[in-house]
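> The primary structure of each chain is shown beneath.
There are 2 protein chains.
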Amino acid sequence: MSNIKPSLAKGTRDFSPQEMVKRNYIFDTVKTVFKKYGYAEIQTPSMENLSTLTGKYGDEGDKLIFKILNSGDYLSKVKPDLLTQANSNAMISSISEKALRYDLTVPFARYVVMHQNDISLPFKRFQVQPVWRADRPQKGRYREFYQCDVDVVGSDSLLNEAEFILIYQEALSNLGLKDFTIKINNRKILSGIAEVVGKPELIIDMTVAIDKLDKIGLDGVIKELLERGFAEADIDRLKPVILLEGTNEQKLDSLKTVLQSSAIGLTGIAEIETVFDYVQEMLKTDSSLNPDVELDVTLARGLNYYTGCIFEVKTNEVAMGSIGGGGRYDDLTGMFGLKGLTGVGVSFGADRIYDVLQELNLFPESAAVGTKVLISNFDKDAERYALPILQRLRRANVATELYPSSAKLKKQMSYADDKRIPYVILIGSDEMQTGFLTIKDMQSGSQKQLSIESIVELLKG
Amino acid sequence: MSNIKPSLAKGTRDFSPQEMVKRNYIFDTVKTVFKKYGYAEIQTPSMENLSTLTGKYGDEGDKLIFKILNSGDYLSKVKPDLLTQANSNAMISSISEKALRYDLTVPFARYVVMHQNDISLPFKRFQVQPVWRADRPQKGRYREFYQCDVDVVGSDSLLNEAEFILIYQEALSNLGLKDFTIKINNRKILSGIAEVVGKPELIIDMTVAIDKLDKIGLDGVIKELLERGFAEADIDRLKPVILLEGTNEQKLDSLKTVLQSSAIGLTGIAEIETVFDYVQEMLKTDSSLNPDVELDVTLARGLNYYTGCIFEVKTNEVAMGSIGGGGRYDDLTGMFGLKGLTGVGVSFGADRIYDVLQELNLFPESAAVGTKVLISNFDKDAERYALPILQRLRRANVATELYPSSAKLKKQMSYADDKRIPYVILIGSDEMQTGFLTIKDMQSGSQKQLSIESIVELLKG
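For the record, the sequence lines run as chains L and D. Residues 31 to 491 (our numbering) make up the first sequence, in order. Residues 31 to 491 (our numbering) make up the second sequence, in order.
Any given hint might turn out to be false.
[As the list claims (entries may be wrong)] Using 25 Å as the maximum straight-line C-alpha spacing, the simulated DMTMM-like pairs for lysine to aspartate or glutamate come out as follows:
(1) D/Lys61 - L/Glu395
(2) L/Lys35 - D/Asp133
(3) D/Lys229 - D/Asp283
(4) L/Lys402 - L/Asp58
(5) L/Lys93 - D/Glu127
[Stated by the list, open to error] Quick list of simulated restraints, FRET-style, between CB atoms:
(6) D/Asp103 - L/Lys440: 35 to 43 Å
(7) L/Asn147 - D/Ala349: 55 to 63 Å
(8) L/Asp111 - D/Lys169: 38 to 46 Å
[Claimed, not checked] Here are a few chain L residues that face chain D, going by a calculated C-beta distance under 8 Å:
(9) Lys66
(10) Pro75
(11) Leu105
(12) Lys107
(13) Leu113
(14) Thr114
(15) Tyr141
(16) Val158
(17) Val161
(18) Ala164
(19) Met312
(20) Thr401
(21) Pro434
(22) Lys438
(23) Tyr453
If you are wondering where the hints come from, they were derived from the structure by calculation, not from laboratory data. Note that the coordinates shown come from a computational prediction; the quantities given were computed from them, not determined experimentally. Backbone N, C-alpha and C define an ideal beta-carbon position, used for all residues, glycine too.
Based on the provided sequences and hints, a complete structural model is requested.
Structure follows, in structure tokens:
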């Protein structure tokens with residue numbers, strides 16, 4: 031066996047007990063909301079056939095897919111001339127048949143196509159699993175990270191879009207976030223804008239540019255639009271749309287005027303209005319949810335993909351990129367030969383939400399508690415005395431540990447401190463004689479002598 | 031985009047909503063027990079540096095590790111002569127730096143060494159994550175499967191061993207298993223036996239052979255022992271030990287006689303007795319747990335690894351290999367330069383436990399229920415009427431769906447059936463007029479007309 035100083039693979043992370051409890055808190059909270067809205071969990075394998083993934087993420091994406099080397103004599107299928115040319119790209123398909131999943135969307139599409147005879151539509155699923163990308167690691171960007179996706183396929187109803195607004199609102203509120211904005215746009219509005227500007231063929235250039243308004247400002251956007259083939263006159267027509275202000279109703283009114291000659295643009299507006307109407311009706315008798323939804327016509331998010339509503343969520347409490355997003359796509363499974371299946375979905379950025387909760391100190395105390403009480407171990411007699419007590423507490427569902435050897439008290443106390451165990455039971459000769467055990471509250475430092483029955487009652491609560 | 035008929039990578043599985051609910055039921059049940067016994071969850075990355083994994087699983091194991099191809103021009107670091115020789119083995123380290131985790135033990139050792147300054151000993155952790163092996167797939171053997179490990183390092187107390195017996199007992203009982211045996215042995219007893227037979231150097235051959243008693247019978251074991259270098263006289267001395275019968279006490283008494291000249295053998299016996307004593311004391315006032323523990327001196331399980339107690343769990347209700355096992359090892363982290371850290375741990379075979387519960391029909395009904403009620407959707411008016419009701423039910427934590435379009439009733443009913451939704455609310459013109467909604471129990475087929483308040487009460491329960 032080699033004797034090396036071990037390290038983590040670049041861009042990957044260990045999760046400690048404290049981190050796991052917090053991560054599980056996030057995942058459990060959002061999963062509970064997903065289930066309440068009728069979504070069910072699925073999982074797909076970490077490795078997919080390379081052919082399933084290749085060509086789905088563009089050339090840049092293809093390069094970032096982690097490929098798995100074939101087992102055994104993997105070079106045996108490589109043509110000799112490829113070997114001598116040392117052509118990495120040309121050789122890949124001969125030495126690698128499998129790859130690690132790059133996102134949850136393509137595996138989900140494969141799942142739907144492969145199981146189309148077993149699932150009933152609309153199919154509402156959520157999926158929380160890691161994905162892998164050979165990106166250059168940097169602060170906040172990892173090569174292994176969890177995605178948390180919730181999608182419905184086989185339903186064109188805009189009720190689904192409205193429900194995603196409520197899912198965001200409920201999940202993020204349950205996590206303790208108070209001030210966040212759910213931005214919404216519609217690809218058809220963007221198409222309409224490109225149409226009335228007279229450059230429908232430049233829709234992608236237009237959206238890529240105006241999507242950057244937050245980052246590069248209006249002047250930057252105009253500069254980029256000019257570079258991408260728009261004329262000054264186009265920009266004069268675009269500017270009022272980009273700078274649209276006011277309430278959602280005011281924006282929609284303005285857009286109706288601007289887009290009056292574009293059928294597709296008006297459809298996009300009507301879709302947004304229907305979504306707003308659904309949300310309003312659903313919340314008619316429910317004041318507990320009050321989402322801050324904002325129509326933002328500069329929102330684009332991977333436009334080549336979305337065909338209807340587009341979502342993005344931003345927290346206003348911390349400087350942070352979007353903590354979620356998604357939208358409607360009309361041909362998820364077309365890549366695998368199943369045409370015409372519409373779908374809509376959103377995702378939660380679990381790592382960013384973690385950082386936000388951490389910064390705002392929103393993780394609940396309870397999310398830090400594992401073991402509730404440690405029984406000290408002074409000597410063999412005390413240990414023996416403690417054994418049935420240990421099991422009695424566990425039978426009452428109290429997470430309990432007996433320190434496994436008779437170490438110095440200081441060591442046992444610092445073990446409890448490190449594990450943030452809130453109570454310690456001290457058993458010495460007095461305690462064994464009277465049957466009243468000393469229980470110490472580690473936070474306050476106060477001690478009490480209690481019967482085992484009272485201790486069980488205290489800790490069960 | 032390519033238009034291919036998609037398939038799964040060989041040896042991998044999708045998990046449907048129904049399967050996920052059952053899998054989560056198993057994982058949640060065992061995790062709850064782990065936590066009650068003071069164990070905390072960690073996770074490690076799916077990919078480790080190849081050097082972390084290589085050499086830890088033997089030559090055969092090394093071949094079964096999935097290697098990840100380096101990104102970019104991966105051939106650029108390969109020496110030209112290696113390329114022309116087409117030597118797969120020699121080239122691996124030049125084109126692959128990372129690999130998928132093969133088990134949870136080596137990553138855990140790496141974790142302990144890397145975080146040795148942050149963790150306090152004893153460190154009690156559990157870990158439930160997938161591992162990958164390039165095995166030939168066959169029935170019940172997959173290339174991606176979950177391991178479910180619970181270990182403590184930094185404590186030589188036999189209390190830990192006793193607690194693992196209770197953890198098995200409690201977790202498997204909570205899953206509904208009624209008749210299973212927790213087998214125990216001790217590496218030191220095996221060493222003692224090899225010693226008194228006079229062939230201490232053949233201990234591995236001896237244990238490999240007698241470990242097969244269940245499968246190949248006594249004659250098979252004797253044949254193999256002879257092939258492996260034991261003499262007839264050795265076997266005469268071994269036979270009574272292999273065939274040891276009676277209660278645990280009787281077996282221990284016999285062993286004390288047989289092993290009286292072996293110090294290590296007697297230590298092993300004393301360790302088993304201490305473990306039994308701990309279990310007995312802990313359960314003194316607790317009749318809820320009554321483990322069937324059986325001393326089995328033929329039990330070996332990866333002996334080169336274990337140094338003290340060895341465990342294996344078998345169900346007696348279904349023909350199935352072991353559903354769990356583990357033991358004590360004295361040098362987990364030595365491979366990474368941290369010497370002298372003892373540990374003990376066990377694992378649960380989640381896939382096999384799944385099959386056992388399935389065969390015994392032990393998954394609870396509740397583990398099948400996702401959405402509790404579907405609200406039907408006859409037309410736009412009924413849909414609008416349903417929207418606030420939908421949200422009202424969700425506010426009461428009832429998992430509710432509104433069918434997202436006004437499809438034929440038959441289609442909506444079969445949607446509810448497929449998803450095993452137990453109730454459907456029907457809203458027609460009568461219902462909208464009276465405010466009393468029809469609620470149908472999908473199992474019995476019976477229908478009632480109830481106010482929304484009564485429906486909330488009914489479904490909340």
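> Determine for every hint whether it applies to the structure shown.
Going through the hints against the structure:
no.: 1; hint: D/Lys61 - L/Glu395; in the structure: 20 Å, holds
no.: 2; hint: L/Lys35 - D/Asp133; in the structure: 19 Å, holds
no.: 3; hint: D/Lys229 - D/Asp283; in the structure: 23 Å, holds
no.: 4; hint: L/Lys402 - L/Asp58; in the structure: 21 Å, holds
no.: 5; hint: L/Lys93 - D/Glu127; in the structure: 17 Å, holds
no.: 6; hint: D/Asp103 - L/Lys440: 35 to 43 Å; in the structure: 57 Å, violated
no.: 7; hint: L/Asn147 - D/Ala349: 55 to 63 Å; in the structure: 32 Å, violated
no.: 8; hint: L/Asp111 - D/Lys169: 38 to 46 Å; in the structure: 41 Å, holds
no.: 9; hint: Lys66; in the structure: 5 Å, holds
no.: 10; hint: Pro75; in the structure: 3 Å, holds
no.: 11; hint: Leu105; in the structure: 5 Å, holds
no.: 12; hint: Lys107; in the structure: 10 Å, violated
no.: 13; hint: Leu113; in the structure: 5 Å, holds
no.: 14; hint: Thr114; in the structure: 6 Å, holds
no.: 15; hint: Tyr141; in the structure: 6 Å, holds
no.: 16; hint: Val158; in the structure: 11 Å, violated
no.: 17; hint: Val161; in the structure: 10 Å, violated
no.: 18; hint: Ala164; in the structure: 4 Å, holds
no.: 19; hint: Met312; in the structure: 4 Å, holds
no.: 20; hint: Thr401; in the structure: 4 Å, holds
no.: 21; hint: Pro434; in the structure: 4 Å, holds
no.: 22; hint: Lys438; in the structure: 14 Å, violated
no.: 23; hint: Tyr453; in the structure: 13 Å, violated
Checked against the numbered hints given earlier, the structure breaks hints 6, 7, 12, 16, 17, 22 and 23 and satisfies all the rest.
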